[in-house]
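Novice: Chains as they are written, first to last, in numbering that gives the first Met the number 0: chain L, 0 to 281; chain H, 0 to 286; chain A, 0 to 252.
Quick caveat, the hints were computed from the structure, so don't treat them as lab data. Don't take each hint at face value.
Listed below are the simulated DSSO-like cross-link pairs for lysine-lysine, each with C-alpha atoms no more than 30 Å apart in a straight line [unchecked claim]:
| no. | chain 1 | residue 1 | chain 2 | residue 2 |
| --- | --- | --- | --- | --- |
| 1 | H | K15 | L | K180 |
| 2 | H | K15 | L | K84 |
| 3 | A | K86 | H | K15 |
| 4 | A | K193 | L | K180 |
| 5 | H | K15 | A | K116 |
Take a look, some chain A residues computed to stay more than 10 Å from chain L by CB distance [what the hints assert, rightly or not]:
| no. | residue |
| --- | --- |
| 6 | D10 |
| 7 | D60 |
| 8 | V69 |
| 9 | R85 |
| 10 | K86 |
| 11 | D123 |
| 12 | V138 |
| 13 | K193 |
| 14 | E224 |
| 15 | H240 |
| 16 | E245 |
Per the computed footprint, the stretches of chain L lying under chain H, defined by three or more beta-carbons under 8 Å from a beta-carbon of chain H, are [claimed, not checked]:
| no. | segment |
| --- | --- |
| 17 | 44-58 |
| 18 | 126-140 |
| 19 | 157-171 |
Positions of the beta carbon are idealized from the N, C-alpha and C atoms, including for glycine.
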Amino acid sequence: MFFVSACCALLVLFMALGLFIKAWPILAIKPITNILFSDIWRPLKGQFGMLPFITGTLWVTGIAIIIAVPISLLTAIYLSEYAPKRLREFLKPFIDLLAGIPSVIYGVWGILIIVPLVKNHIAPLFDSVSSGYSVLTAGIVLSIMIFPVIIHITVEVFQAVPRELREASLALGATRWQTVKHVLLRKALAGIVAANILGLSRAFGETMAVLMVAGNVVQTPSSVFDAGYPLPALIANNYGEMLSIPLYDSALMMAALVLFAVVIFFNVVSRYVLHRISLRIN
Amino acid sequence: MKNKFSARRLEESLFKALMIACALIVFGSLLMIIGTIFTRGIGSMNIDMVTKTPEGGYYLGKEGGVLNAIIGSFILTIAAAGLALLISLPVVLYINVYAGKGSRFAVIIRMSLDFLWGIPSIVYGAFGFTIMICFGITASLLGGIITVALFILPIMSRAMDEVISMVPRELMEASYSLGATKYETAFRVITLQALPGIVSAVLIAFGRGIGDAASVLFTAGFSDRIPLSLLQPAATLPLAIFFQLGTPFPEVQERAYASAFILTVLILIISITARLLTSRYKKNIVQ
Amino acid sequence: MDGKSLLQVRDLNVSYGTTPALKGITVEIPDKKITAIIGPSGCGKSTLLRALNRLLEDGDDVSISGKVLVGNDDIYDARNDVTQIRKKMGLLSQQPYPLPMSIFDNVAYGPRIHGLKSRKMMEDTVRHYLTITGLWDEVKDRIHEPAARLSIGQQQRLCLARGLAVEPEIILADEPTSALDPKSSQKIEAEFKKLKDRYTIIIVTHILRQARRLADYVAFMYLGELIEHGPAEQIFNHPQHEMTREYIQGVIS
Numbered sequence: 000m001f002f003v004s005a006c007c008a009l010l011v012l013f014m015a016l017g018l019f020i021k022a023w024p025i026l027a028i029k030p031i032t033n034i035l036f037s038d039i040w041r042p043l044k045g046q047f048g049m050l051p052f053i054t055g056t057l058w059v060t061g062i063a064i065i066i067a068v069p070i071s072l073l074t075a076i077y078l079s080e081y082a083p084k085r086l087r088e089f090l091k092p093f094i095d096l097l098a099g100i101p102s103v104i105y106g107v108w109g110i111l112i113i114v115p116l117v118k119n120h121i122a123p124l125f126d127s128v129s130s131g132y133s134v135l136t137a138g139i140v141l142s143i144m145i146f147p148v149i150i151h152i153t154v155e156v157f158q159a160v161p162r163e164l165r166e167a168s169l170a171l172g173a174t175r176w177q178t179v180k181h182v183l184l185r186k187a188l189a190g191i192v193a194a195n196i197l198g199l200s201r202a203f204g205e206t207m208a209v210l211m212v213a214g215n216v217v218q219t220p221s222s223v224f225d226a227g228y229p230l231p232a233l234i235a236n237n238y239g240e241m242l243s244i245p246l247y248d249s250a251l252m253m254a255a256l257v258l259f260a261v262v263i264f265f266n267v268v269s270r271y272v273l274h275r276i277s278l279r280i281n
Numbered sequence: 000m001k002n003k004f005s006a007r008r009l010e011e012s013l014f015k016a017l018m019i020a021c022a023l024i025v026f027g028s029l030l031m032i033i034g035t036i037f038t039r040g041i042g043s044m045n046i047d048m049v050t051k052t053p054e055g056g057y058y059l060g061k062e063g064g065v066l067n068a069i070i071g072s073f074i075l076t077i078a079a080a081g082l083a084l085l086i087s088l089p090v091v092l093y094i095n096v097y098a099g100k101g102s103r104f105a106v107i108i109r110m111s112l113d114f115l116w117g118i119p120s121i122v123y124g125a126f127g128f129t130i131m132i133c134f135g136i137t138a139s140l141l142g143g144i145i146t147v148a149l150f151i152l153p154i155m156s157r158a159m160d161e162v163i164s165m166v167p168r169e170l171m172e173a174s175y176s177l178g179a180t181k182y183e184t185a186f187r188v189i190t191l192q193a194l195p196g197i198v199s200a201v202l203i204a205f206g207r208g209i210g211d212a213a214s215v216l217f218t219a220g221f222s223d224r225i226p227l228s229l230l231q232p233a234a235t236l237p238l239a240i241f242f243q244l245g246t247p248f249p250e251v252q253e254r255a256y257a258s259a260f261i262l263t264v265l266i267l268i269i270s271i272t273a274r275l276l277t278s279r280y281k282k283n284i285v286q
Numbered sequence: 000m001d002g003k004s005l006l007q008v009r010d011l012n013v014s015y016g017t018t019p020a021l022k023g024i025t026v027e028i029p030d031k032k033i034t035a036i037i038g039p040s041g042c043g044k045s046t047l048l049r050a051l052n053r054l055l056e057d058g059d060d061v062s063i064s065g066k067v068l069v070g071n072d073d074i075y076d077a078r079n080d081v082t083q084i085r086k087k088m089g090l091l092s093q094q095p096y097p098l099p100m101s102i103f104d105n106v107a108y109g110p111r112i113h114g115l116k117s118r119k120m121m122e123d124t125v126r127h128y129l130t131i132t133g134l135w136d137e138v139k140d141r142i143h144e145p146a147a148r149l150s151i152g153q154q155q156r157l158c159l160a161r162g163l164a165v166e167p168e169i170i171l172a173d174e175p176t177s178a179l180d181p182k183s184s185q186k187i188e189a190e191f192k193k194l195k196d197r198y199t200i201i202i203v204t205h206i207l208r209q210a211r212r213l214a215d216y217v218a219f220m221y222l223g224e225l226i227e228h229g230p231a232e233q234i235f236n237h238p239q240h241e242m243t244r245e246y247i248q249g250v251i252s
């Protein structure tokens, strides 16, 4: 049992090592800056600049987080501070349900609803032309996918704030919103940040839904209505098929390694913060 | 004073309205997603979808269904969930019974599980594929099972840890005082007490596994036939949706909607069952 | 008692779900005196205190009936603004809960939300209330440090200053010394004695000696009922009710 448990803990290291070994061929002959910051992606000529994919990912994740943060935060405040207990207990399972919907279903829904919405309504509003398959579409779909992650943790962080602290503020004659604004948000700030970083890292690595709606054109998007090609979509679209091209698989493993590293970093940071909070509660 | 007072009343109502609007967006999206998938999917459903495998020219709009993907998904995910259970149950029992509260080792395991939980499924897919190359396995049911098992391992363990760590310590102590060993306590007393929670954890992980496409994309392959051995490629439902939607033919895209409907119904049944099990379980231990 | 006191409770009933917590409480709290609510734990003392401040409605599954009159206003009348009612009462909880901000901002919090803007007046206010609670000399050099860095006894006095800064007429204290060391408890008790000239003070306590030291008026509760209330001298020396007598002699606790 100890052995199995230890293996479990070491799995993270195994994965890092496995990805690194597979990414090594390309890392050995090209400087890492050249891979990450060059925008020339011509695998047939041996040029593997990942900048278009990295910017694609940044656009998509950025849009998702901009939409998701205020909406999730306000929803979490509502659920934790305003909604009657019964309503809260009634609504919580739906958050989990939202989290349980497969990403391919989000993708189908995105194609059916958000793509036409962006194409026919949102883009014309800004005098832009868009196919609807854009970084904005992917961002919107992603933001909904990370709602449950952020809301769930934020509500838990709020619930960990002692009731007496709220009462202290209320007893001074503060309104509920004043209490939230001056006391709760301040007290829960670290936890809220952690929750949002976890949401961010979820969005960062999300593959199928993004793959289905982002458009997948190798370019650096210059507007939210442009198509983008995020890193996970790059891996999903090409892996297993292009193994005959030299270094291609290694470049894709490099992309996976980048995803892995960024996500692990985000997780380490936010888990550390959440861990400290729970220590303080106990 | 009077003015200020009404200003803060206004602020209060404004933000309350904003919060309710946001909550409506969140829960509205859920209803809208399920609603969209249901209305589009039911329209395209027919009995062939769940009783037939793709026949010649299926992806051009000819006869057939996605039975291969339904069966493939079930075989793959059941096996993966079984494999993950074999690993996660000992791990969770170990950190709760053997390691004891506040043990460093338990903290490290829980942290690792948290990190694993955060790793995107596409990375599991890439990693799984790497392992498969090492052992000379091509895209097959076996490759998919191993990858999905790894992917759902942290999900299952965390969910299980949550219920098992709620088992009262007194119960363990009562078991020890009757002369039971740690092993007996872990596998008889605790496992039995937390059984509904364990089943629910397995179901949650199963739901995540059956719905995930990125991890099986290049590990399980795709086939129009129902897999008969571990080394044959297996179709899965999420990939069937993805591939059908990717064709230029409206008839085939309709089938993608129908498949999406099937997958959504499966997921809903699994999630709701899991939830009912835990809520019943929670009622039992509160007393 | 004659005359009409500021705070009156009339037939107050509170239940959590189906479990009654307070049963038909009717009591007048004498003005500018210290009233101690005593009784064994779980008897509803804290519930009564919270009900006076309408903090109970924030819990769930709570049903409340009856009246709590402050002056002529029933605080449970939906037409009354709850924030204005709460402003009239300062609350001191069992453990100090300083707000997550500086010492200065803790005291300034109340006046600020009620619309005090002038920097000068704010500084005067903070200084005034920190002086009243005897904290000023101890903290004047680190007034902008987080309140959490104070010792627990200082934190409780800070909470008292914070409550006084909104100029309440009534102070509600829920076992305010239970988390403190004897020295700090003594300081808080001394504060109360000073403050009772200007404020009506209600203190919930399970320490009989503390009630004896402080109280002018005592209410004894048992299992959600108000068994007996009256001047401290009478309750302690000539209790009318058998149960009060047993509690005071330590037979029941």
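Novice: Please name the hints from earlier in the document that this structure breaks, with their numbers sorted from lowest to highest.
Specialist: Of the numbered hints given earlier, those the structure breaks are 4, 7, 9, 10, 17, 18 and 19, listed in rising order.
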